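Chains as they are written, first to last, in the numbering used here: chain Y, 943 to 1011; chain F, 646 to 1082.
Derived by calculation from the structure, the hints in this document are not laboratory data.
Keep in mind the model is a prediction, meaning the values are calculated, not measured.
Using N, Cα and C, we set each Cβ at its ideal position, and we do this for glycine too.
A couple of the hints might just be wrong.
Here are the simulated lysine-lysine pairs, DSS-like style, with alpha carbons at most 30 Å apart [what the hints assert, rightly or not]:
id: 1; chain 1: Y; residue 1: Lys963; chain 2: F; residue 2: Lys807
id: 2; chain 1: Y; residue 1: Lys969; chain 2: F; residue 2: Lys674
id: 3; chain 1: F; residue 1: Lys840; chain 2: Y; residue 2: Lys976
id: 4; chain 1: Y; residue 1: Lys963; chain 2: F; residue 2: Lys812
id: 5; chain 1: F; residue 1: Lys1053; chain 2: Y; residue 2: Lys967
id: 6; chain 1: Y; residue 1: Lys967; chain 2: F; residue 2: Lys807
id: 7; chain 1: F; residue 1: Lys890; chain 2: Y; residue 2: Lys969
id: 8; chain 1: F; residue 1: Lys674; chain 2: Y; residue 2: Lys967
id: 9; chain 1: Y; residue 1: Lys967; chain 2: F; residue 2: Lys889
id: 10; chain 1: Y; residue 1: Lys976; chain 2: F; residue 2: Lys674
id: 11; chain 1: F; residue 1: Lys673; chain 2: Y; residue 2: Lys976
id: 12; chain 1: Y; residue 1: Lys969; chain 2: F; residue 2: Lys867
id: 13; chain 1: F; residue 1: Lys775; chain 2: Y; residue 2: Lys963
id: 14; chain 1: F; residue 1: Lys889; chain 2: Y; residue 2: Lys976
id: 15; chain 1: Y; residue 1: Lys976; chain 2: F; residue 2: Lys955
id: 16; chain 1: F; residue 1: Lys673; chain 2: F; residue 2: Lys840
id: 17; chain 1: Y; residue 1: Lys976; chain 2: F; residue 2: Lys983
id: 18; chain 1: F; residue 1: Lys955; chain 2: Y; residue 2: Lys963
If the Cβ cut is set under 8 Å, some of the chain Y residues that face chain F in the computed set are [what the hints assert, rightly or not]:
id: 19; residue: Val962
id: 20; residue: Lys963
id: 21; residue: Tyr965
id: 22; residue: Asp974
id: 23; residue: Met975
id: 24; residue: Leu977
id: 25; residue: Arg980
id: 26; residue: Phe989
id: 27; residue: Arg993
id: 28; residue: Glu994
id: 29; residue: Ala995
id: 30; residue: Ala997
id: 31; residue: Gly998
id: 32; residue: Thr1004
id: 33; residue: Gly1006
id: 34; residue: Gly1007
Here are the chains, one letter per residue:
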Amino acid sequence: MKKLTLIIIVSIVLYSCNSVKAYEKEKINDPDMKLAARTSERFETTFQVYREAAAGANGGKTGGGCGCN
Amino acid sequence: MKIKLVLAIFLLGSTVFAQEKDSVPAFKKRVLETTEVDFLLSYYKQDGIHSAVSGGSGTENLTDIASSIVVAMPLSDDEVLTVDAGLSAYSSASSSNINPFDSPNQNPWQASSGASKQDALVNVAISYSKSSADRNTIWNVHLSGSNEYDYSSLGFGGGLTKEFNDKNTEVGISASAYLDSWRPIYPKELEDFAKNGNSLNGGIFDNYTITGNQNYNPASFKFHDNKGRNSFALSLSFSQVINKKLQASLFLDVLQQQGLLSTPYQRVYFKDVSNSYIDQFQLADDIERLPDSRFKLPIGGRLNYYINEKFVLRTYYRFYSDNWGIQAHTISIEVPFKINQRFTFFPMYRFYTQTASKYFAPSETHLSTEVYYTSDYDLSAFNANQYGFGLNYTDIFTDAHIWRLGLKNIDFRYNHYDRSDGLSADIISLGFKFIFQ
Chain Y
943 MKKLTLIIIV SIVLYSCNSV KAYEKEKIND PDMKLAARTS ERFETTFQVY
993 REAAAGANGG KTGGGCGCN
Chain F
646 MKIKLVLAIF LLGSTVFAQE KDSVPAFKKR VLETTEVDFL LSYYKQDGIH
696 SAVSGGSGTE NLTDIASSIV VAMPLSDDEV LTVDAGLSAY SSASSSNINP
746 FDSPNQNPWQ ASSGASKQDA LVNVAISYSK SSADRNTIWN VHLSGSNEYD
796 YSSLGFGGGL TKEFNDKNTE VGISASAYLD SWRPIYPKEL EDFAKNGNSL
846 NGGIFDNYTI TGNQNYNPAS FKFHDNKGRN SFALSLSFSQ VINKKLQASL
896 FLDVLQQQGL LSTPYQRVYF KDVSNSYIDQ FQLADDIERL PDSRFKLPIG
946 GRLNYYINEK FVLRTYYRFY SDNWGIQAHT ISIEVPFKIN QRFTFFPMYR
996 FYTQTASKYF APSETHLSTE VYYTSDYDLS AFNANQYGFG LNYTDIFTDA
1046 HIWRLGLKNI DFRYNHYDRS DGLSADIISL GFKFIFQ
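Based on the provided sequences and hints, a complete structural model is requested.
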């Protein structure tokens, strides 16, 4: 039942997706709307990787390259 | 079940017909118009009471100053080369106690004056990306290296990104590998004990008197034979513009690590072994021992919503799980507020929670008969709250210049971090973006 609910929700979200034309994307293209961490966030991410067990799933480095957890 | 499957396929299939095909060839814009340069600086300070170097009890005072320069250069209309170089220098009371016997007083709550008190990390990464003529396909490769006193890393990888549906949908796949190596540093008392044939004759034991259990005998300690540490990751990403004001992304990583995954200088004290001291510093029973493999699975997503001309809502959630018994949740929210055309203020909040690794236990809790053990509180159960703010200055006309570099952005961020086990930290970050003119 949970899987079916998730499939329906995702399908409704995708169904409600409108194909937004390039000239209609002035709001989507706002710098604050970017689907990524800000460049200046990198040092915060670095200390979080050292001080916390979790890492990754943010579009950037996933692990390795340091003697951290 | 079959009816449910058919219903799901019908709903998904209807989205295909809802999308229009590209009927007009896209104008080929240069991927990167001109060279962009980012200068990044940060100052980080932390303190806590559970130093892993002294077995889970001791000062965690640490200060770090880091800087990076990122230069992105267009090689052609379709190609970009990015060079990222960084230097980070830290001073740590905790790591100074890898060898606390350099100082006249040995105390886990005070810094020693030894060489391990400070270190510098140098890192360089080069990446190359090429876009197709229609800009719907981007592939990239990268190579990186880093070095500090006791650790070296060589990394490489590549990825492919596809955009379609009027660039409203983006899917990506990438893979990376890090071939790292320790140059292990061990707690001084264990190193001298082992180098002198598992005896108290020689090294620091000639200069100091052991109190408490004077039959100090950490015979279980052995130097690491395998010093390699490799990480292999596969990453998948999916982004979708949902409507004119809302877009979302999903990220899934699969990461396998192998090799020396414990930290060679982090002490462990056993419950079933009597304590030995030099001055106020308890001598290690062993160093942390962890499995030589670890599988990590983080999955996260972003949802950004353009509320109005003044406010944007940025959100992020991540679930993490690994085979060391840790599960974690991360949630963050940021609300940029446009003060005017040039200044944006953004308050932010982040909450993090994790369960403990099955190999973790506080100081004086592990038994000497266990195979794997650590008292590193980074692997314990805790919650963390991080809150702060940022200020961004943007000048799209780049009125201010340094030589031929026009100043486009200044980003300032401050965050305070509190962990439920007593560690707290503050970090200030500053970023300058220039474009070459």
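Hints versus structure:
1. In summary, the hint linking Lys963(Y) to Lys807(F) is supported, as the alpha carbons are separated by about 17 Å, within the 30 Å threshold.
2. At roughly 20 Å between alpha-carbon atoms, Lys969(Y) and Lys674(F) fall within 30 Å of each other, so this suggested pair holds.
3. A distance of roughly 55 Å separates the Cα atoms of Lys840(F) and Lys976(Y); the hinted pair therefore is violated under the 30 Å criterion.
4. Our distance criterion of 30 Å between C-alpha atoms is met by Lys963(Y) and Lys812(F), whose separation comes to about 9 Å.
5. At most 30 Å may separate the alpha-carbon atoms for a hinted pair to count; Lys1053(F) and Lys967(Y) meet this at roughly 22 Å.
6. Using a Cα cut-off of 30 Å, the hinted pair Lys967(Y) and Lys807(F) holds, with the two alpha carbons roughly 19 Å apart.
7. Between the alpha carbons of Lys890(F) and Lys969(Y) the distance comes to roughly 6 Å, so the proposed pair stays at or under 30 Å and holds.
8. Between Lys674(F) and Lys967(Y), the direct Cα distance comes to roughly 16 Å. Compliance with the 30 Å bound is thereby established for this hinted pair.
9. Distance hint between Lys967(Y) and Lys889(F) is fulfilled; the C-alpha atoms sit about 6 Å from each other, no more than 30 Å.
10. Of the pairs offered as hints, the one joining Lys976(Y) and Lys674(F) holds, with about 19 Å between alpha carbons and a cut-off of 30 Å not exceeded.
11. Proximity of Lys673(F) to Lys976(Y) is assessed by CA-CA distance (about 22 Å); at most 30 Å being required, the pair is judged to hold.
12. Annotation: proposed proximity of Lys969(Y) to Lys867(F) is violated, straight-line Cα distance about 60 Å (limit 30 Å).
13. Between Lys775(F) and Lys963(Y), the direct Cα distance comes to roughly 24 Å. Compliance with the 30 Å bound is thereby established for this hinted pair.
14. Taking the CA atoms of Lys889(F) and Lys976(Y), the gap is about 14 Å. The hint holds against a cut of 30 Å.
15. Proposed proximity of Lys976(Y) and Lys955(F) is supported: the alpha carbons are some 16 Å apart, at most 30 Å.
16. At most 30 Å may separate the alpha-carbon atoms for a hinted pair to count; Lys673(F) and Lys840(F) exceed this at roughly 66 Å.
17. Between Lys976(Y) and Lys983(F), the direct Cα distance comes to roughly 15 Å. Compliance with the 30 Å bound is thereby established for this hinted pair.
18. A distance of roughly 23 Å separates the Cα atoms of Lys955(F) and Lys963(Y); the hinted pair therefore holds under the 30 Å criterion.
19. Below 8 Å, beta-carbon pairs count as interface contacts, and Val962(Y) has one with chain F at about 5 Å; its hint therefore holds.
20. Interface restraint check: Lys963(Y) against chain F, minimum CB-CB distance 6 Å, threshold 8 Å, status holds.
21. Using the Cβ-Cβ criterion of 8 Å, the hint placing Tyr965(Y) at the interface with chain F is not satisfied: the shortest such distance is roughly 11 Å.
22. Below 8 Å, beta-carbon pairs count as interface contacts, and Asp974(Y) has one with chain F at about 4 Å; its hint therefore holds.
23. For the restraint placing Met975(Y) at the interface with chain F, the shortest Cβ-Cβ distance is roughly 5 Å, inside the 8 Å limit, so the hint holds.
24. With its C-beta approaching chain F no nearer than about 4 Å, Leu977(Y) sits inside the 8 Å limit, and its interface hint holds.
25. For Arg980(Y), the interface hint holds, the least distance from its beta-carbon to any beta-carbon of chain F being 7 Å, beneath 8 Å.
26. Annotation: Phe989(Y) was flagged as interfacial toward chain F, and the flag holds, the nearest CB pair being 6 Å apart, inside 8 Å.
27. A cut of 8 Å between beta carbons decides the hint on Arg993(Y): the least distance to chain F is about 6 Å, and the hint holds.
28. Annotation: interface hint on Glu994(Y) holds; nearest CB of chain F at approximately 6 Å, less than 8 Å.
29. Contact between Ala995(Y) and chain F, as hinted, is supported at the beta carbon level, the nearest pair being about 5 Å apart and thus within 8 Å.
30. At its closest, the beta carbon of Ala997(Y) sits 7 Å from a beta carbon of chain F; the interface hint therefore holds under the 8 Å criterion.
31. Given the 8 Å rule on beta carbons, the hint for Gly998(Y) holds: about 4 Å separates it from the nearest Cβ of chain F.
32. The interface hint given for Thr1004(Y) holds, since its Cβ lies 4 Å from the closest Cβ of chain F, which is under the 8 Å cut-off.
33. Checking Gly1006(Y) against chain F by beta carbon gives a least distance of about 3 Å; that is within 8 Å, so the hint holds.
34. Interface restraint check for Gly1007(Y): the shortest CB-CB distance to chain F comes to about 5 Å, inside 8 Å, so the restraint holds.
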